[in-house]
Every structure is written in C-alpha cells, then in structure tokens.
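One line per chain: the protein sequences are A and B, in this order. Using the working numbering, the letters of the first sequence correspond one by one to residues 10 to 276. Using the working numbering, the letters of the second sequence correspond one by one to residues 10 to 276.
Everything labelled a hint here was simulated from the structure, so no lab data went into it. Just to be clear, a hint being listed does not mean it is correct.
The list cannot tell twin chains apart, which means a pair is met if one copy fits it or any two copies do.
Pairs of lysine-lysine, DSS-like flavour, derived with a Cα cap of 27 Å [claimed, not checked]:
#1 K35 x K176
#2 K157 x K21
#3 K35 x K146
#4 K166 x K146
#5 K21 x K79
#6 K176 x K166
#7 K157 x K146
#8 K160 x K146
#9 K23 x K157
#10 K260 x K22
#11 K176 x K160
#12 K207 x K23
#13 K260 x K146
#14 K157 x K260
#15 K53 x K166
#16 K176 x K86
#17 K86 x K157
One-letter residues, chain by chain:
Protein chains: 2
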Amino acid sequence: MTRSELFAQIQKKKSFLCVGLDTDIKKIPQHLLDTEDPIFEFNKQIIDATLPYTVAYKPNLAFYESLGSKGLIALEKTMDYIADEVFTIADAKRGDIGNTSDMYARAFFENMNFDSVTVAPYMGNDSVSPFLQYVGKWVILLAATSNKGSKDFQELKLETGEMLFEKVIETSLEWGNADNLMYVVGATRPESLVNVRKIVPDSFLLIPGVGAQGGSLAEVCKAGMNDQCGLLVNSSRGIIYASQGEDFAEKAAIEAQKLQMQMAEFL
Amino acid sequence: MTRSELFAQIQKKKSFLCVGLDTDIKKIPQHLLDTEDPIFEFNKQIIDATLPYTVAYKPNLAFYESLGSKGLIALEKTMDYIADEVFTIADAKRGDIGNTSDMYARAFFENMNFDSVTVAPYMGNDSVSPFLQYVGKWVILLAATSNKGSKDFQELKLETGEMLFEKVIETSLEWGNADNLMYVVGATRPESLVNVRKIVPDSFLLIPGVGAQGGSLAEVCKAGMNDQCGLLVNSSRGIIYASQGEDFAEKAAIEAQKLQMQMAEFL
C-alpha cells in the first residue's frame, strides 16, 4: 500500500486508528474456547465489528508464537481474512544480519502478505535494508517506544548532543524515505514526538500507548500530525478486551468508534 | 542448564562449538526434498553427525518462520530431537514491552524448551527482564554484533565517552548476572572483545562470525577466553552446507571436528 492510498483510507473513514490484535488465549471469552480455532474466531469477530472505524490492524507476533504452530495457523487465517484496503502491520520487532532479515521479509511480506513489519534498529543498515527491497511494503522502525525501559538506551545522549533515538531516525533516512519507512513513537512521550517531527516532517508515525499505557490522543495530534495525517494511533487491550463476555465484539466496536469519533475531530 | 553444567560439557567434549541451524529449504540437498519433512530430516542428520563435536545448537528462527506454520513444526520436532545435555539457543533477536516479551518467553522456554534466546536491547529493561524470570534459562543479549551495520549504532560514542554496546552490557548487569546473561560479540571484532571482557569477566559470550564472516578463532580465544572457557563459538553455513550432496552430514561432521580439534588446543 502506498502512502497516498493509506491517506485516502484515513480520509474515507475519518480515522487513523490501528487495532492491535494481541490475542491471548487466556483472555478471550470462554464461549469461544469450544470453537475449532478460538484465536481466529476471536480475531474474525473483532475485525468484522471494528472495520468501519479502523484503517489498520496490527497482530502482535508474540501472542501467536506463544501457541506454537497452531498460533501461526490462526495468524495466517487472520491475514487471509483482512480486506486488502486495510493496512496490516506485523508487530514483530525483528532485525538480524542481512541473510536472516531476508528470511523474515519473506515470512511477513511474501507468505503472509503483511504491508509492514516493525523492526528494531540495533543491528544497523544491513538488518533493516532487506525489508526495504519490497516495493509497496514498509518498515516501521522502533525509535522512541512507549515502555519504561525505553529510557535505558533510546534517550542516551551521544557525544554530538543528540539522543540515540534521534540519531536512529536520521541515519535511517540514508536507507529509505517517507514512502517506505515509518517510526514507532510512544504516545507517552509527546515531547519526543515534537523532535521526531522536526527530523521527519512527512513520515507516518505509529503511536502505541494511547489507552492502557496512559497517553493522550489530543497531545499526540498536537505534536505529531502533519498535512497527510501522518499518524497511526494504536489501541490493543482497550478495544479487544473491552468485554470478556459474549458481547466482546459489540463492546470492541463501541470503543473503536469512540476513538474514531475523537480522531475525526482532529482530521 | 547452569553455567557449571555448560562448562562440564565443554570439558567433556573439548569443544565450545555451537552449530547454527540456519536451515534453508533452497540450500539443503535435493534428495531430501522427497522426504516428509525435509527441514527436520536435514537437521536430524546434521545433529546426529555433529553431536560429538558440539556443545550447542542454535536454530535461527527466521529460516523456520519463512516457511510458515510448517517451518514451526519442523523446529518443534528438531527441539524434541536434541538431547537434554546440549545447550540450545533460539536465535530470535526478540525484545518488546513486558507483556509481549512474556509471550516470547513462553514460546521459547515453555513450549519449545530452549535453554536460551537472543534478545535485542533497544527497548531496555522491561523488554529483557521477562526472559530472566525463568530459572535455569538464559538471555543472550546483543552487544557488538558481527555484521557491517553493527557500526551504525552499537559503536556510537556517548557523552560519557563509552560506546553504546559497552553501556548496554553495563546496564544489563542491573538486570541479571553471569548465571543468566550471555552476550553476542562478533568474532570480526576482537578489539571489542577485549573491552567486553573487562566489563563482564565471568560471563559467557556467544561469538558468531568465525568462518563465512571472516573472524579468526585464535584471535577470539586470545581476547575472550576466561577460566571457565566463557565462549560459545558459532559456525552455521561453514558446517551445515559443507556439501550439498548426499554426503552433507558426513562433510558437516568433518568441518565440525576440524573446529573442535582447534578448540581443544585452546582449552
């Protein structure tokens, strides 16, 4: 999917919501456990219910891998089920030497047809570039994440005076551009968002941390929005686990719609 | 597996060799493609042939994931096949927020019974600590990797004067110790090895890059060995693809034995 196609979806749905499919067998409603593939059944109903309000889905690979090959099958079925006009993110935080990143790219882009994958920058250029060889696909590079431990290294000051996450973004511009690179910037850090926008005015940012982790949508929009929106704001637990009863999909839709309506105000 | 159990294996086999199972369906011998599960069949024969010379196996997750759920099944079978006294490394380069790293830990430590997993440090403490909660299991933290791109960020100088990879190792000592943390340090960087040894004199180091990537075993031993060996030296392609004919396992054994005999000299 191209940047302009993504923006067109955002305008059409008046939403820049990404729904995180962190589907946990221990948290899904009891009544689904009797179905043939409870994880897929849960995802299917969540997708059906939230599709009018969201432009992206982000399965978190760890949740599927924790179930072994069965989990991967549920993920493959989920990816087959998601309509082509929706942007898909493999939240995998991968990154390895060239020949290995090649294999991950094959897994996510060729086999499962994801539009994008989250990549950790620590191993540098040759760990990221293999993903950038696919036309129409995206790398979403970890920059300033939303978790507590993000302060341990990402905010370290370099001898040049800048912080590590700023250097990561700057360096990545030698590898790709606003048409194949996005960045993860946590909603819990609006001050970082302002700095990121100075370095990459045109790039899309994937923003986790609104909701369960405490970030504010208004602050995120103020600090991070550009003239093509430039934001995908993710919510996972706040939507998919809004209810653990038989009405889980209906309640998920209500939460997604709430966010979509707030987003429409900012667009 | 504990540190002393690992050292006991090293003494018994006079080897600190780790065989990397980067099993690529496009590179394994033709005649295996007719078997029911070619990837597992290849691994099984490689393991049978190299077991006398190696103390560790390191499946590279990307190669299995690139085959989808079938690849995962081959990996699960491989893990069931490897004997308990051999140290196993899930080369996965994972690392995510706490609840997600929990899931990866479950996947690798509980479901597949790996002894260790490689973890990327970029997201900090809460991305690494969930893996350290498992008694007898290990995190192998990326420090100074063997690839070209490692220079992009790992060798950045901080305002304190140290390099990022040194700071990563120092900080990790607040999370774990030589009994549950190892570090990846590339064989292509013996000068970094010397610095790493000053910070973590007792810790095991996983050393990729001998062989295909050009590192020297003698230099690695000189710079990195401690009184409990303290090294696991990995070779992947140089061993498992020593021949692409029907004699692949035999030739793999010869290459593994060559390395083992060199290692015996240094022990």
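Practice task
If any of the earlier hints don't hold here, list their numbers in rising order.
Solution key: The structure conflicts with hints 1, 2, 4, 5, 9, 13, 14, 15, 16 and 17, although it agrees with all the remaining ones.
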